[in-house]
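> Residue strings, one per chain:
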Amino acid sequence: AQSVTQLGSHVSVSEGALVLLRCNYSSSVPPYLFWYVQYPNQGLQLLLKYTSAATLVKGINGFEAEFKKSETSFHLTKPSAHMSDAAEYFCAVSPSGSARQLTFGSGTQLTVLP
Amino acid sequence: EAGVAQSPRYKIIEKRQSVAFWCNPISGHATLYWYQQILGQGPKLLIQFQNNGVVDDSQLPKDRFSAERLKGVDSTLKIQPAKLEDSAVYLCASSRSPGVGGTEAFFGQGTRLTVV
Numbered sequence: 001a002q003s004v005t006q007l008g009s010h011v012s013v014s015e016g017a018l019v020l021l022r023c024n025y026s027s028s029v030p031p032y033l034f035w036y037v038q039y040p041n042q043g044l045q046l047l048l049k050y051t052s053a054a055t056l057v058k059g060i061n062g063f064e065a066e067f068k069k070s071e072t073s074f075h076l077t078k079p080s081a082h083m084s085d086a087a088e089y090f091c092a093v094s095p096s097g098s099a100r101q102l103t104f105g106s107g108t109q110l111t112v113l114p
Numbered sequence: 001e002a003g004v005a006q007s008p009r010y011k012i013i014e015k016r017q018s019v020a021f022w023c024n025p026i027s028g029h030a031t032l033y034w035y036q037q038i039l040g041q042g043p044k045l046l047i048q049f050q051n052n053g054v055v056d057d058s059q060l061p062k063d064r065f066s067a068e069r070l071k072g073v074d075s076t077l078k079i080q081p082a083k084l085e086d087s088a089v090y091l092c093a094s095s096r097s098p099g100v101g102g103t104e105a106f107f108g109q110g111t112r113l114t115v116v
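From first to last, the protein sequence lines stand for chains A and B. Residue 1 is where the first sequence starts when you use my numbering, and the numbers rise one by one after that. Residue 1 is where the second sequence starts when you use my numbering, and the numbers rise one by one after that.
Isolated chain A, as found in the complex (with noise of 0.2 Å):
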């Protein structure tokens, strides 16, 4: 069984500032995790995965998030937000070296203020 929890529903932040998104995750087997942005009427876009190789993982558009076993966490953090960022972001996972299922959080919107 697997599951992630998404902290914090709605986050506001400033432009310039520091975007941290939580997600911790439940998983009997070695995970795939990984964050997708939703931007308004539009599908999911990846905007990074974890699949077991380096811990910090770089994404598109200045994301990167960081696997931490001990804390069962796989939080999203850009230095400086852009008001484009403006999006809701889920975070997913999936059992490594199987189909790709994916349980989603119920994810984060964003918010960025001027």
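Any given hint could be a false lead.
[Claimed, not checked] Here are the simulated DMTMM-like cross-link-like pairs (lysine to aspartate or glutamate), alpha carbons at most 25 Å apart as the crow flies:
(1) Lys68(A) to Glu104(B)
(2) Lys44(B) to Glu88(A)
(3) Lys44(B) to Asp86(B)
(4) Lys71(B) to Glu104(B)
(5) Lys69(A) to Glu104(B)
(6) Lys58(A) to Glu104(B)
(7) Lys11(B) to Asp74(B)
(8) Lys44(B) to Glu85(B)
(9) Lys11(B) to Asp85(A)
No wet-lab data here; the hints were simulated from the structure.
For chain A, the structure is supplied; the task is to place chain B on it using the hints.
Using the frame of chain A, we list chain B on its own:
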């Protein structure tokens, strides 16, 4: 490379009516998924196909939902009869065959269904 195509983008129907959604995955992608995303929630897997066979449909409400993927390419998802709680965005995704390394799932723009 063309992305995952879905149609229609929006659909409004009355409860107890039927509706069908269509998905064309990325060329060469053997795995196809249908997800249901209720407002304010993350997407939930309904069904997964590998080529034209069903891998997992454990969360598909089979009394009213059905899906097929004839010829292992396009797929349709049908709801009959629809209920108010079926109002959601239905997302189709595709990926290459599963294997070690974590292949990425690519998502379409979704079909927003409103049941009134």
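> Hint by hint, note whether the structure agrees.
Tested hints:
1. Restraint check: the Cα-Cα separation between Lys68(A) and Glu104(B) comes to about 21 Å, which is no more than 25 Å; the hinted pair holds.
2. A distance of roughly 16 Å separates the Cα atoms of Lys44(B) and Glu88(A); the hinted pair therefore holds under the 25 Å criterion.
3. Under the criterion of a C-alpha separation no larger than 25 Å, the hint pairing Lys44(B) with Asp86(B) is consistent with the structure, at around 13 Å.
4. The hinted pair formed by Lys71(B) and Glu104(B) meets the criterion: a straight-line CA distance of about 22 Å does not exceed 25 Å.
5. Among the hinted pairs, Lys69(A) with Glu104(B) is consistent with the structure: their alpha-carbon atoms are about 22 Å apart, no more than 25 Å.
6. In summary, the hint linking Lys58(A) to Glu104(B) is supported, as the alpha carbons are separated by about 15 Å, within the 25 Å threshold.
7. For a cut-off of 25 Å, the pair hint linking Lys11(B) to Asp74(B) stands: about 19 Å separates their Cα positions.
8. For the hint linking Lys44(B) to Glu85(B), the alpha-carbon distance of about 14 Å falls within 25 Å, and the restraint holds.
9. Among the hinted pairs, Lys11(B) with Asp85(A) is inconsistent with the structure: their alpha-carbon atoms are about 29 Å apart, more than 25 Å.
This entry does not satisfy hint 9, going by the numbered hints stated previously; all others are met.
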